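Here are the chains, one letter per residue:
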Amino acid sequence: MTKDLKTHRLSTRHLLGIKDLQTEDILHILETAEHFKEIINRPIKKVPSLRDITIANLFFESSTRTRVSFELAEKRLSADVVNFSASASSVSKGETLIDTVNNILAMKVDMVVMRHPSPGAAVFLSNHVDAHIINAGDGTHEHPTQALLDAFSIRRETGTLKGIRVAIVGDIRHSRVALSNIFCLLKLGAEVMVCGPPTLMPKYIGDLGVKVEYSLKKALAWCDVANMLRIQSERQHLAFFPSLREYVMQYGVTRHVLDGLKKRIIVMHPGPINRGVEITSDVADSDQSIILQQVENGVAVRMAVLYLLAARQSM
Amino acid sequence: MRSKVILGKEQFQITIKRLCFQLIENHHDFSDSVIIGLQPRGVLLSDRICDTLRGLLPKSAISSGSLDITFYRDDFRRRESPATPAATEIDFIVEGKKVILVDDVLYTGRTIRSGLDALLAFGRPAAVELVILINRKFSRQLPIEPNYVGKAIDTISSDTVKVDWKETDGEDAVHLVRNRKDDKGS
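Residue numbers (our numbering), protein chains in the order written: chain A, 1 to 315; chain B, 1 to 186.
Here chain B stands alone, though its shape is the one from the complex (with noise of 0.2 Å):
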């Protein structure tokens, strides 16, 4: 097992930031638009970016909440023990919003899939973007592409990424782990 930093400490910030005027730069003040972060690591990212944009736009209210997919989930019942819920906080109105999805990693897309039908649960938004801090290329199970992009990265089915926040795990900081049978750890 081989563990390789993809993102340190300051590109993290620096990604982030540079999401933040990308986001600007399609939603302007944000009136029309609200911030949900998928439960649970992408509500992690919609927090960070959150905070970012309200220092940026002080005079602006920015709405943001997260969304839990689980009972949405494709995998139920074919996983092991079902997943644990987490909480979902919407506490606006959804119809005729932009809505920006924010998840962390965007892999086999099915994720966000659950996303959309939970998210369309609370109403008929305008429309629905995505953002996405790394995206691992030529894995997608499904047609989903993201719309703002923190780091692209090729990766085959065996490989982790490892994304890691101050606020849970001490430090900002991406991973990637080849766990390749083949692999003597050099």
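Same shape as in the complex, but just chain A (with noise of 0.2 Å):
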């Protein structure tokens, strides 16, 4: 009976970065994906594992899939969920993000899932507040939930991530996702290719083990994947390329580039697609996108997530 069921704690109390998490955390969280990728095909998508746990959604940066991501996941797996996001909380009137979040673990919260723009938030706040803290994207840092959901679509894909070559294509400066993929796919014992313009290319990347490129073609003609990345405006208060219609003919992938290449890769974007920019529309739609499998994946891989955390709380 369930004496012979493997186990596994995560070495984690928090989901802060994947930086910091090991391998077979990595792994384990994959693997439980994949049962809950199996129950939100089901007729009934909700599992009653979380019944006794309140999640905070701190959304302090706006979101779409992000947040309806990890609310679905939350309440598949029956937890009781409260949003918050900033334009509309105390936190216009002045109050100090510490006081925010003790004042709502005040009312018994057991986790918090926090966006915020500032880097480190999430590490900042798990030293401060008792909740098991999951990191949902902290500025320019990390996203670890949008790294493990990719790695989890590129291995449904291929198989493996082992020797798989993966480009992430764009704004590398600004993002976060890239910097969660390069820990969690060389983790994985995957290759990774970092491409964008100089401008957009933090100055000792290639220190964390991947290769750098600047010509779009020559990295398409490396990898098995490519995974292309918004430009991040929001955060550029730079001109890091003269104008967006140089960026679209240097770095934009179109279906004639993709036809150009002697293989077929795979195409992935973590959304917000900006169409005609990163990538064109028949691209983005086109059976060699996974795009949308990656936000149903999304949710699997959240709710893996959730579920290991709130495994870690003791009664």
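For the record, the hints were derived by calculation from the structure and aren't laboratory data.
Some hints here could point you the wrong way.
Below, computed lysine-lysine pairings styled on BS3-like, alpha-carbon distance capped at 27 Å [stated by the list, open to error]: (1) B/K166 x B/K137; (2) A/K162 x A/K218; (3) A/K19 x A/K45; (4) A/K46 x A/K75; (5) B/K98 x A/K46; (6) A/K45 x B/K98.
Nothing here was measured: the structure is a model prediction, and the numbers come from that model.
Once you've looked at the hints, go ahead and assemble the two chains, each given alone in its own frame, into the complex.
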């Protein structure tokens, strides 16, 4: 019976970033997500696992996909959910982050999912409050659940991540998705290349163990999977390239570019897509693109993260 | 610690065959019935029952599947570490069918309670029955009783019942292990 089941505990109480996760933790999350993927395709998509848990979703920055995805994951695990967005809260009246969160925790909340524009906000919070913290994106630092769901999506397409070549293309400098993806993919044995204009490339990114390439053509010829990133204009306070039109000419993936390759690559995008900028519509909607699978997998992966972290809480 | 064989190899097979005949008595050609084994160990029994039934009823198509109950357990967060889930494979419609749930040992009844919850997520069966190889009497924590029993035994809570399968453990057998503290291991 139950004694025969293999058991594993996550090495951490919080999910703050991929950098601090052990490879076994990542694999365990991906394995668990496979089961949740099966569950969310059932007629009744809900399991009662977290019915005694309350989760607060704190979004200090705008988000559609991640927020809906977390909320669905929480609801499908039967958790109670409270939503909070900065614009409609006391934050606009000058309350500090710790005060805001402690007030919410005083109402007996067990887990906090937080997106914040400042890098390190999740780590800071985890040092000061008692609940489990899940980082849903902190500025230009990390976005761990996105990296996990990207790894999960690639693994479902290719069967493995060992030796798979992934090119991350676009605004590497301002992207938390890029950083989390690099950590996650390298831990799982994939090869990673970053590609973008030199102005949008962090100076010492090569030290993380990734290849750096400035030519889109060369990057696509090298890779099995291309993860296209959005130009984060909301974080760009300088002109990093002459014009959007010029960026599109150099780094936009079009049908023509893909047809020019001698092989079939998988195209990914964490969303939101700027159609006609980083990829054109005919690429985004083609059978090479797994963008919508990524969104579906996101719910399963977030269910796995919430489930495994909640299990760390002793009664 | 003392171990006693309560079902040997031959008796084991006779018992499974008897359970199959009892099932045929109530379910005839299994056209309205489906068999679902509970992961992980109930699946071994349900596979054996299905193989035997297919031998006895070569003309019937017997639908069988497996059900994982990990996410429905009531001891989540009360355990040291989370149970690792196993696969659920139900590729038929449960709605309106007579479902035969299969597990190896019935003890507290909590696994079956989770199993019923997990099963109802797939639809509304016409009826649910329970097949158990070993029924540990007097230890139920919930009002759940089996419809078909391989063997009923009296045990106390410190005892363990171990079901060995040819497929995984090399031989078919059921052992009763006494773990009593005053037992000097004679």
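Hints, one by one, checked against the model:
Annotation: proposed proximity of B/K166 to B/K137 holds, straight-line Cα distance about 26 Å (limit 27 Å). A hinted pair counts as satisfied when its Cα atoms are at most 27 Å apart, and A/K162 with A/K218 qualifies at roughly 21 Å. For the hint linking A/K19 to A/K45, the alpha-carbon distance of about 32 Å lies beyond 27 Å, and the restraint is violated. Between A/K46 and A/K75, the direct Cα distance comes to roughly 7 Å. Compliance with the 27 Å bound is thereby established for this hinted pair.
Annotation: proposed proximity of B/K98 to A/K46 holds, straight-line Cα distance about 23 Å (limit 27 Å). With a CA separation close to 22 Å, the supplied pair A/K45 and B/K98 stays within the 27 Å bound.
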